[in-house]
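The opening position of the sequence shown corresponds to residue 1 in this note's numbering, with each subsequent residue numbered one higher.
Any given hint might turn out to be false.
Pairwise CB distance ranges (calculated) [to be verified]:
| # | residue 1 | residue 2 | range |
| --- | --- | --- | --- |
| 1 | Arg170 | Arg30 | 13 to 23 Å |
| 2 | Gly44 | Pro252 | 21 to 31 Å |
| 3 | Gly44 | Thr74 | 25 to 35 Å |
| 4 | Pro232 | Lys163 | 20 to 30 Å |
| 5 | Gly44 | Ala181 | 33 to 43 Å |
| 6 | Ser184 | Gly44 | 23 to 33 Å |
No lab work stands behind these hints, which were simulated from the structure alone. Quick caveat, the model's predicted, so the values are computed rather than measured. Every residue gets a Cβ at the ideal spot worked out from N, C-alpha and C, and that includes glycine.
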Amino acid sequence: MRNASSIALRVALLGATLGPVAGGQVQAGRREMVGFVRDSAGGGLEGATVQIAGSVLRTDPRGSFRLWAPDVDTLTIVVHRLGFEALEALLTANGKQWDTVVVELNRVAQTLAGVTVSSSATRGALALRDFDERKARGNGIFVTRADILARNPLRLSDLLRDKRGVRLVRVANNYYGVRFAAHSGSFRPCAPSMWIDGQLAPGMEIDDLLPNDIQAIELYETFASVPAEFAPRSSTVPCGTIVIWTRIPGVPDKPFGGDF
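With the sequences and hints as input, model every part of the structure.
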């Protein structure tokens with residue numbers, strides 16, 4: 001994630017303010033903030049996660065968001081979306097009001113084992129082979145695209161709440177993270193490590209991702225069950241491991257055959 005000084009040009013404050021939503025109610029001691037999240041081509045990004053002063057929400061199909069921020073003149077906004085570089089910036093109010101915020105995110109290349117994967121077919125073949133091998137060994141809990149389609153969950157946490165050893169913790173309104181029961185007695189923060197398409201994704205929670213973006217999920221509750229390719233890269237042992245495989249943009253469901 002880049003800091004505010006390095007991404008200042010990618011956050012624009014439009015010189016206009018919008019009034020409250022028709023029929024909406026002004027919240028005492030807070031200021032309304034309206035904004036848009038888009039890609040580098042100017043297209044709106046649906047499902048981007050926007051975090052401001054403890055409030056967390058996702059953008060709508062147009063990439064827009066609306067929230068009530070604290071009654072302060074400066075605050076930090078954090079925006080991230082699967083497949084894009086996360087962004088963090090310091091915002092300053094204009095005359096006790098927030099101008100419309102426009103955030104632009106840059107798409108990032110997906111990599112596996114240090115090799116950039118530029119072909120959808122190549123990435124699909126690698127993901128299918130490795131996922132099937134681990135599933136056959138049976139050391140974890142595996143969720144396929146067919147499982148996701150059958151349940152059609154609003155959030156990924158809804159899909160995982162009944163899986164063995166999984167506990168959900170609320171990290172914001174209607175926004176949950178996964179914790180594993182095997183680590184419930186730990187005195188340290190118990191968030192599992194999360195991997196997305198073969199890369200560590202520090203700080204992410206399961207509901208940062210949308211079900212429609214996901215091809216498969218692997219859950220490993222204990223350190224002993226974690227495959228070597230997802231083993232910790234430091235001396236700190238995580239409280240479980242979650243491995244996420246995303247869908248390839250533009251490829252219909254079941255692109256690999258079978259139920260993966």
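Now for the hints, and whether the structure bears them out:
1. Arg170 x Arg30: 13 to 23 Å: 21 Å, holds
2. Gly44 x Pro252: 21 to 31 Å: 23 Å, holds
3. Gly44 x Thr74: 25 to 35 Å: 26 Å, holds
4. Pro232 x Lys163: 20 to 30 Å: Holds, since Pro232 and Lys163 (Cβ atoms, about 22 Å apart) stay within the stated range.
5. Gly44 x Ala181: 33 to 43 Å: Holds - the Cβ-Cβ distance for Gly44 and Ala181, about 39 Å, lies within 33 to 43 Å.
6. Ser184 x Gly44: 23 to 33 Å: Given about 40 Å between the Cβ atoms, the range is violated.
In summary, the structure is inconsistent with hint 6 from the numbered list given earlier, while agreeing with all the others.
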